[in-house]
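S.K.: Order-wise, the sequence lines are chains Y and S.
Numbering of the first sequence is given in the numbering used here, commencing with residue 1 and proceeding in unit increments.
Numbering of the second sequence is given in the numbering used here, commencing with residue 428 and proceeding in unit increments.
Read the hints as simulated data drawn from the structure, not as lab findings.
We put the beta carbon where it would ideally sit given N, CA and C, even for glycine.
Among the hints, erroneous ones may be present.
Stated by the list, open to error - Mimicking DSBU-like on lysine-lysine, the simulated pairs with C-alpha atoms at most 35 Å apart in a straight line are:
{"hint": "1", "chain 1": "Y", "residue 1": "Lys270", "chain 2": "S", "residue 2": "Lys589"}
{"hint": "2", "chain 1": "Y", "residue 1": "Lys229", "chain 2": "S", "residue 2": "Lys591"}
{"hint": "3", "chain 1": "Y", "residue 1": "Lys398", "chain 2": "Y", "residue 2": "Lys330"}
{"hint": "4", "chain 1": "S", "residue 1": "Lys589", "chain 2": "S", "residue 2": "Lys673"}
{"hint": "5", "chain 1": "S", "residue 1": "Lys672", "chain 2": "Y", "residue 2": "Lys199"}
Said to hold, decoys possible - Some but not every residue of chain S turned toward chain Y, in silico, with C-beta under 10 Å:
{"hint": "6", "residue": "Gln454"}
{"hint": "7", "residue": "Lys455"}
{"hint": "8", "residue": "Gln584"}
{"hint": "9", "residue": "Leu588"}
{"hint": "10", "residue": "Lys589"}
{"hint": "11", "residue": "Asp608"}
{"hint": "12", "residue": "Arg609"}
{"hint": "13", "residue": "Arg613"}
{"hint": "14", "residue": "Thr616"}
{"hint": "15", "residue": "Phe619"}
{"hint": "16", "residue": "Pro620"}
{"hint": "17", "residue": "Ile666"}
{"hint": "18", "residue": "Lys667"}
{"hint": "19", "residue": "Gly671"}
{"hint": "20", "residue": "Lys673"}
{"hint": "21", "residue": "Ala674"}
Claimed, not checked - Okay, the calculated beta carbon distance ranges per label pair:
{"hint": "22", "chain 1": "S", "residue 1": "Gln454", "chain 2": "Y", "residue 2": "Pro14", "range": "47 to 55 Å"}
{"hint": "23", "chain 1": "Y", "residue 1": "Tyr76", "chain 2": "S", "residue 2": "Leu448", "range": "57 to 65 Å"}
{"hint": "24", "chain 1": "S", "residue 1": "Phe445", "chain 2": "Y", "residue 2": "Ser254", "range": "35 to 43 Å"}
{"hint": "25", "chain 1": "S", "residue 1": "Gln454", "chain 2": "Y", "residue 2": "Asp293", "range": "45 to 53 Å"}
{"hint": "26", "chain 1": "Y", "residue 1": "Glu19", "chain 2": "S", "residue 2": "Trp464", "range": "53 to 61 Å"}
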Amino acid sequence: MHLIVVGLNHKTAPVEVREAITFSQEEMGDAFRMLLSLASVSEAVILCTCNRVEIYAVTPEVHAGISEVKFFLSKYHSISPEVLENHLYTYSNEEAVLHLFRVSSSLDSMVIGEPQILGQVKEAYSVACKHRACSAILNKLFHKAFSVAKRIRTETKIGSSAVSISYAAVELAKKIFETLSDKIVMVVGAGEMAELAVKHLINTGIKDVYVTNRTYERAIKLAQEFKGKAIPFDELYTAMRNVDIVITSTGSTSFIIVPEKVREVMRLRKGRSVFFIDIAVPRDIDPSVDAIDNVFLYNIDDLKEVVETNLRERMKEAEKAEQIIAAEVKQFIHWMSVLQVTPTIVSIREKAEEIRKRELEKTLLSLKNLSEEEKRIIELMSASIVNKILHHPVTILKEEAAGRDGNLYIAAARKLFNIDDEAKEGE
Amino acid sequence: MGLILFNLTIFLYLLSTFLYLGHLVHQKDFFSRWATWCMILAFSVHTLSLIYRFLVFGSLPFGSLPLSLSFYSWTLVGIFLLMLINFRIHVMGSFISPLAFIAVLISFSKGWSAVTTREPWSGIFKSAWVPLHVTFSLLGDSLFALAFCAGILYLIQEYRLKKKRKALVRISSLPSLETLDRVNFRCLTIGFPLLTVGLIIGAIGAEYTLNIPWRYDPKVIWSVLTWFLYAGMIHARLIKGWRGKKAAILAIFGFIIVSFSYLGVNIFLTGYHHFY
Chain Y
1 MHLIVVGLNH
11 KTAPVEVREA
21 ITFSQEEMGD
31 AFRMLLSLAS
41 VSEAVILCTC
51 NRVEIYAVTP
61 EVHAGISEVK
71 FFLSKYHSIS
81 PEVLENHLYT
91 YSNEEAVLHL
101 FRVSSSLDSM
111 VIGEPQILGQ
121 VKEAYSVACK
131 HRACSAILNK
141 LFHKAFSVAK
151 RIRTETKIGS
161 SAVSISYAAV
171 ELAKKIFETL
181 SDKIVMVVGA
191 GEMAELAVKH
201 LINTGIKDVY
211 VTNRTYERAI
221 KLAQEFKGKA
231 IPFDELYTAM
241 RNVDIVITST
251 GSTSFIIVPE
261 KVREVMRLRK
271 GRSVFFIDIA
281 VPRDIDPSVD
291 AIDNVFLYNI
301 DDLKEVVETN
311 LRERMKEAEK
321 AEQIIAAEVK
331 QFIHWMSVLQ
341 VTPTIVSIRE
351 KAEEIRKREL
361 EKTLLSLKNL
371 SEEEKRIIEL
381 MSASIVNKIL
391 HHPVTILKEE
401 AAGRDGNLYI
411 AAARKLFNID
421 DEAKEGE
Chain S
428 MGLILFNLTI
438 FLYLLSTFLY
448 LGHLVHQKDF
458 FSRWATWCMI
468 LAFSVHTLSL
478 IYRFLVFGSL
488 PFGSLPLSLS
498 FYSWTLVGIF
508 LLMLINFRIH
518 VMGSFISPLA
528 FIAVLISFSK
538 GWSAVTTREP
548 WSGIFKSAWV
558 PLHVTFSLLG
568 DSLFALAFCA
578 GILYLIQEYR
588 LKKKRKALVR
598 ISSLPSLETL
608 DRVNFRCLTI
618 GFPLLTVGLI
628 IGAIGAEYTL
638 NIPWRYDPKV
648 IWSVLTWFLY
658 AGMIHARLIK
668 GWRGKKAAIL
678 AIFGFIIVSF
688 SYLGVNIFLT
698 GYHHFY
């Protein structure tokens, strides 16, 4: 049995191709029926996300399996095989295992370390199970992939830092404040990125949201959206006395928030920290505000820098993850080869046992005057001869099956013990 | 027996120091978890060795400055472990454990074995004043030491947040500024009354038992100075709103003064507190 993957992703195919060969939930039944009816596909999982479409399958023969799955893809989506061929990648066995482990650990994602992919792989697997498309090998493979992904999450810091501007803002807030649940955030002006940052803050759990704008009506509208409070623009500094996080994103060409006023506010706040996030370009907050004690000012470039540093960190962590994966792939391949050799070992044992029984019977028939005790001793001797003779070949077979020439050893063993011929004779 | 317990204490503090340093470098919870367990074990063995010593000599180890260092590190670690229940700032262990290690080491090499000979001033040490005076003062000092550690961590975290960019990498394991500031304030508000009680007991005790002019002893002067410093700190914080960075710097400065009146006075100046 061999493992194969046929698929494409955001690196190999443009969105037009990706959306053309996507599988909707309703079609899954048909798709699996067709896949499993292929001569060389015995198990299959279809992984379909917005960035990738991949089919994992178990097949008795790698080349036949791959070409049949390719054929299935082009036929199912009515795309010419030549067009598809340019975008597809295929992997088998060790490489296929490696690929799945990398995908589910988010090493193959567009944003390395993003957490959604593991959920999507889990979903794909459970859909395949529902359609009875998974059996021993894919069951084991996918469960292993989940545990590897989990291991990488806990042992490396691949997903630990924020890689979007709005998340970076939330993360920074958590470095300043112990908890956000008793903090108030104020939005000055309105902009897409500011709104996103506020939404993230609300999701993290925040006490209240104040919204202010030069046009009061817009402030009221936005405040309703956030279930917050609208503040008239000229009460900006009065409100700031109770506000812990200020996000600015107005279209103003001059500074709205200036150090003299902030100093005054800080005095009234008795020095409680304020976190200013200036997302506007041109900037809304005078940069010298940052020099005031217990005031922290981050502008859009600072946040971008944080994100980029975090991304570089992730790349470093990804290298550690690759090492973990390499070790896990080795283990899985070992398991597969043992699985592969098991039927051969069982046949050898069965055959030996059969010979032993036959010969024992013959012998006992010709030795008529034996006591029960003597019969038992002869029987024991026959069993131990068989065991002793088989012990070494079976051990070697198990060991070598995991090696590079595994299949060769299995074939040789079958030939030496004359297993396949006999099976044919029996048919 | 006492020797074994004491050696074990030193070893365990050293071990937890290494584990905490491992935590600092690798930022893995694995290290801080083991380091804390190691610290708890060290503290327990330390407690046993203090009890053992009390049973043998009939007094707490207050007889000399090095001896008191052992008791000081015991209160310091004890308070740190109590604080962990509330604040979970394991990083602070990387300050506390080496401090405890060095303190017990000095205590061991300088005074521990010498106690078999009678402690000096044994008359005074038999009275209840001294143990109470020392215990309260050292409890106060321990809390100031924690405030000092929180202050240093605050300045590091604040520096990184203000510096932005590069400095922000690997920032994640440090506690938030607000948390550190809260630890600072909590230590101050608990430590200050303890120090006050310690000083009052010392003054009353000295009035009753000493027949020498004790008021102008350098240690007394420095201690009173320390008291005013911390009183001023609490005032500045409550009335003027000196939080965050200023409070952190004050806590660091305060602890340096405290340490001088505890250790430095004995080394550089002379007075009747000479045994202490």
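S.K.: Next step is simple, just say for each hint if it's right about the structure.
M.R.: We went through each hint and held it up to the structure:
| no. | hint | in the structure |
| --- | --- | --- |
| 1 | Lys270(Y) to Lys589(S) | holds (20 Å) |
| 2 | Lys229(Y) to Lys591(S) | holds (31 Å) |
| 3 | Lys398(Y) to Lys330(Y) | holds (15 Å) |
| 4 | Lys589(S) to Lys673(S) | holds (15 Å) |
| 5 | Lys672(S) to Lys199(Y) | holds (30 Å) |
| 6 | Gln454 | holds (8 Å) |
| 7 | Lys455 | holds (9 Å) |
| 8 | Gln584 | holds (7 Å) |
| 9 | Leu588 | holds (5 Å) |
| 10 | Lys589 | holds (7 Å) |
| 11 | Asp608 | holds (8 Å) |
| 12 | Arg609 | holds (7 Å) |
| 13 | Arg613 | violated (12 Å) |
| 14 | Thr616 | violated (16 Å) |
| 15 | Phe619 | violated (19 Å) |
| 16 | Pro620 | violated (22 Å) |
| 17 | Ile666 | holds (9 Å) |
| 18 | Lys667 | holds (8 Å) |
| 19 | Gly671 | holds (4 Å) |
| 20 | Lys673 | holds (7 Å) |
| 21 | Ala674 | holds (8 Å) |
| 22 | Gln454(S) to Pro14(Y): 47 to 55 Å | violated (40 Å) |
| 23 | Tyr76(Y) to Leu448(S): 57 to 65 Å | holds (59 Å) |
| 24 | Phe445(S) to Ser254(Y): 35 to 43 Å | violated (56 Å) |
| 25 | Gln454(S) to Asp293(Y): 45 to 53 Å | violated (28 Å) |
| 26 | Glu19(Y) to Trp464(S): 53 to 61 Å | holds (54 Å) |
Consistency with the previously given hints fails for numbers 13, 14, 15, 16, 22, 24 and 25, ordered from lowest to highest.
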